[in-house]
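Here are the chains, one letter per residue:
Number of protein chains: 2
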Amino acid sequence: MSDGTPWPALLFDLDGTLIDSVYSHVLAWRDALEACGIDLPVWRIHRSIGMSGGLFVRALGRETGRELSGEEVAKLQQLHTEAYERQAPQVRPLPGARELLERLRGEGVPFAVATSGNAVNARVGLTMLGFGSEIPVVNRDMVTYAKPNPDLFLAAARLLDVPIELSIVVGDSIWDMLAAQRARALGVGLLSGGYGREELQLAGAYRVYDEPADLLDHLDELGIRV
Amino acid sequence: MSDGTPWPALLFDLDGTLIDSVYSHVLAWRDALEACGIDLPVWRIHRSIGMSGGLFVRALGRETGRELSGEEVAKLQQLHTEAYERQAPQVRPLPGARELLERLRGEGVPFAVATSGNAVNARVGLTMLGFGSEIPVVNRDMVTYAKPNPDLFLAAARLLDVPIELSIVVGDSIWDMLAAQRARALGVGLLSGGYGREELQLAGAYRVYDEPADLLDHLDELGIRV
Numbered sequence: 691m692s693d694g695t696p697w698p699a700l701l702f703d704l705d706g707t708l709i710d711s712v713y714s715h716v717l718a719w720r721d722a723l724e725a726c727g728i729d730l731p732v733w734r735i736h737r738s739i740g741m742s743g744g745l746f747v748r749a750l751g752r753e754t755g756r757e758l759s760g761e762e763v764a765k766l767q768q769l770h771t772e773a774y775e776r777q778a779p780q781v782r783p784l785p786g787a788r789e790l791l792e793r794l795r796g797e798g799v800p801f802a803v804a805t806s807g808n809a810v811n812a813r814v815g816l817t818m819l820g821f822g823s824e825i826p827v828v829n830r831d832m833v834t835y836a837k838p839n840p841d842l843f844l845a846a847a848r849l850l851d852v853p854i855e856l857s858i859v860v861g862d863s864i865w866d867m868l869a870a871q872r873a874r875a876l877g878v879g880l881l882s883g884g885y886g887r888e889e890l891q892l893a894g895a896y897r898v899y900d901e902p903a904d905l906l907d908h909l910d911e912l913g914i915r916v
Numbered sequence: 691m692s693d694g695t696p697w698p699a700l701l702f703d704l705d706g707t708l709i710d711s712v713y714s715h716v717l718a719w720r721d722a723l724e725a726c727g728i729d730l731p732v733w734r735i736h737r738s739i740g741m742s743g744g745l746f747v748r749a750l751g752r753e754t755g756r757e758l759s760g761e762e763v764a765k766l767q768q769l770h771t772e773a774y775e776r777q778a779p780q781v782r783p784l785p786g787a788r789e790l791l792e793r794l795r796g797e798g799v800p801f802a803v804a805t806s807g808n809a810v811n812a813r814v815g816l817t818m819l820g821f822g823s824e825i826p827v828v829n830r831d832m833v834t835y836a837k838p839n840p841d842l843f844l845a846a847a848r849l850l851d852v853p854i855e856l857s858i859v860v861g862d863s864i865w866d867m868l869a870a871q872r873a874r875a876l877g878v879g880l881l882s883g884g885y886g887r888e889e890l891q892l893a894g895a896y897r898v899y900d901e902p903a904d905l906l907d908h909l910d911e912l913g914i915r916v
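As you go down the protein sequences, you meet chains L and U in turn.
Taking our numbering, I'd label the letters of the first sequence as residues 691 to 916.
Taking our numbering, I'd label the letters of the second sequence as residues 691 to 916.
Wrong hints could be hidden among the right ones.
Below, a sample of chain L positions facing chain U; criterion: calculated Cβ distance under 7 Å [said to hold, decoys possible]:
{"#": "1", "residue": "D710"}
{"#": "2", "residue": "Y713"}
{"#": "3", "residue": "V716"}
{"#": "4", "residue": "I728"}
{"#": "5", "residue": "P731"}
{"#": "6", "residue": "V732"}
{"#": "7", "residue": "W733"}
{"#": "8", "residue": "H736"}
{"#": "9", "residue": "V781"}
{"#": "10", "residue": "P785"}
{"#": "11", "residue": "E789"}
{"#": "12", "residue": "L881"}
{"#": "13", "residue": "S882"}
{"#": "14", "residue": "G884"}
{"#": "15", "residue": "G886"}
{"#": "16", "residue": "E888"}
In short, the hints are calculated from the structure, not lab data.
All residues carry an ideal CB built from backbone N, CA and C; glycine is no exception.
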């Protein structure tokens with residue numbers, strides 16, 4: 691008798707998936723855009739959060755009908771960072787996020803974090819969850835293309851030495867689900883980033899849970915025997 | 691030959707439907723709740739916006755597992771008002787909202803605004819859109835029950851002297867769509883409050899548009915001959 695197929699690895703997005711930061715990022719982007727004279731309704735910013743900055747700027751160009759210069763893009767990013775820092779003291783872990791990661795660590799289930807944020811944001815997020823360098827992380831600075839390209843999740847699976855086809859991507863946005871499909875991983879959605887259940891399902895989510903706490907309660911549905 | 695059935699009247703929600711205020715309300719509620727020691731993930735607040743305050747407090751009780759006293763509820767509402775006032779300078783009309791209302795007025799299509807907000811909020815919103823008392827408004831203070839009860843929309847139809855069955859409710863939340871169904875009006879959803887298209891469809895929206903500008907472009911789909 692063989693040993694059977696291995697347990698799947700879990701590859702987690704960070705913002706909106708483990709920490710409750712999406713809405714703060716959204717309003718920080720609104721303030722940054724407004725300071726640059728760009729008037730975009732907030733829901734459109736929400737639906738672009740989590741995609742790569744380059745694609746976000748292209749989407750902006752389409753919505754506003756004007757191309758942004760490299761200088762404007764750099765200024766926007768700086769203004770967003772400053773605006774987000776003002777919001778950041780209110781940002782909290784999502785319910786069950788810490789407990790979920792502790793449980794997975796305790797049971798020896800391989801997992802990593804793959805975020806479109808940079809190294810600093812990733813570290814701040816993990817610290818908020820009570821973890822440090824013991825959690826493998828792939829951040830924006832470590833890959834050429836961010837989501838919905840699959841690069842972040844491919845790199846995270848490599849870091850764990852697990853085939854991507856045996857991995858489950860957990861994220862709150864359709865960009866996570868699209869990246870999961872392109873990577874040939876399984877996608878699992880969380881409602882905690884503010885997308886609707888059906889949006890995530892239509893983007894390929896095999897299951898959708900409310901928050902990390904709800905996922906922790908249903909690990910059996912992902913075939914994780916803990 | 692008869693004159694045919696009359697044109698439908700349009701009954702508009704305000705926040706998230708005509709003005710881009712939902713995300714600011716969401717973070718104002720988060721700050722108010724946190725100041726009262728209530729830790730609720732932001733997406734759950736988002737999905738409760740637009741329902742009556744009484745139901746919102748009940749939902750809070752379920753999510754947090756504790757009942758709020760009347761005193762706590764009053765403090766919460768006061769803190770929310772203060773937090774929203776800090777956000778309010780950034781709030782803008784939604785794209786096309788002003789043009790849509792101007793077009794309807796110009797063509798003589800009956801319409802009104804029906805909002806879960808109080809009289810002051812309703813007036814501030816309309817002023818932002820460039821209108822005053824020429825627009826019929828039903829606000830929270832004028833009915834016994836707010837959404838998803840149908841009272842606000844029923845009162846708005848009465849104000850216009852149009853049967854509710856000949857009215858179209860335009861809103862961004864499932865509470866608007868549920869109130870429309872309960873009132874036996876037709877519901878039309880807008881994505882500008884941050885709900886997903888399918889959430890609104892499943893709650894009964896006959897059509898879903900992006901924003902007021904998109905609705906203005908498709909008035910023919912609602913049978914409005916302008």
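So, going through the hints one by one against the coordinates:
no., hint, verdict
1, D710, "holds, 5 Å"
2, Y713, "holds, 4 Å"
3, V716, "holds, 6 Å"
4, I728, "violated, 12 Å"
5, P731, "holds, 5 Å"
6, V732, "holds, 4 Å"
7, W733, "holds, 5 Å"
8, H736, "holds, 6 Å"
9, V781, "violated, 9 Å"
10, P785, "holds, 6 Å"
11, E789, "violated, 14 Å"
12, L881, "holds, 6 Å"
13, S882, "holds, 5 Å"
14, G884, "holds, 5 Å"
15, G886, "holds, 3 Å"
16, E888, "holds, 3 Å"
Comparing the model with each earlier hint shows violations of hints 4, 9 and 11; every other hint is respected.
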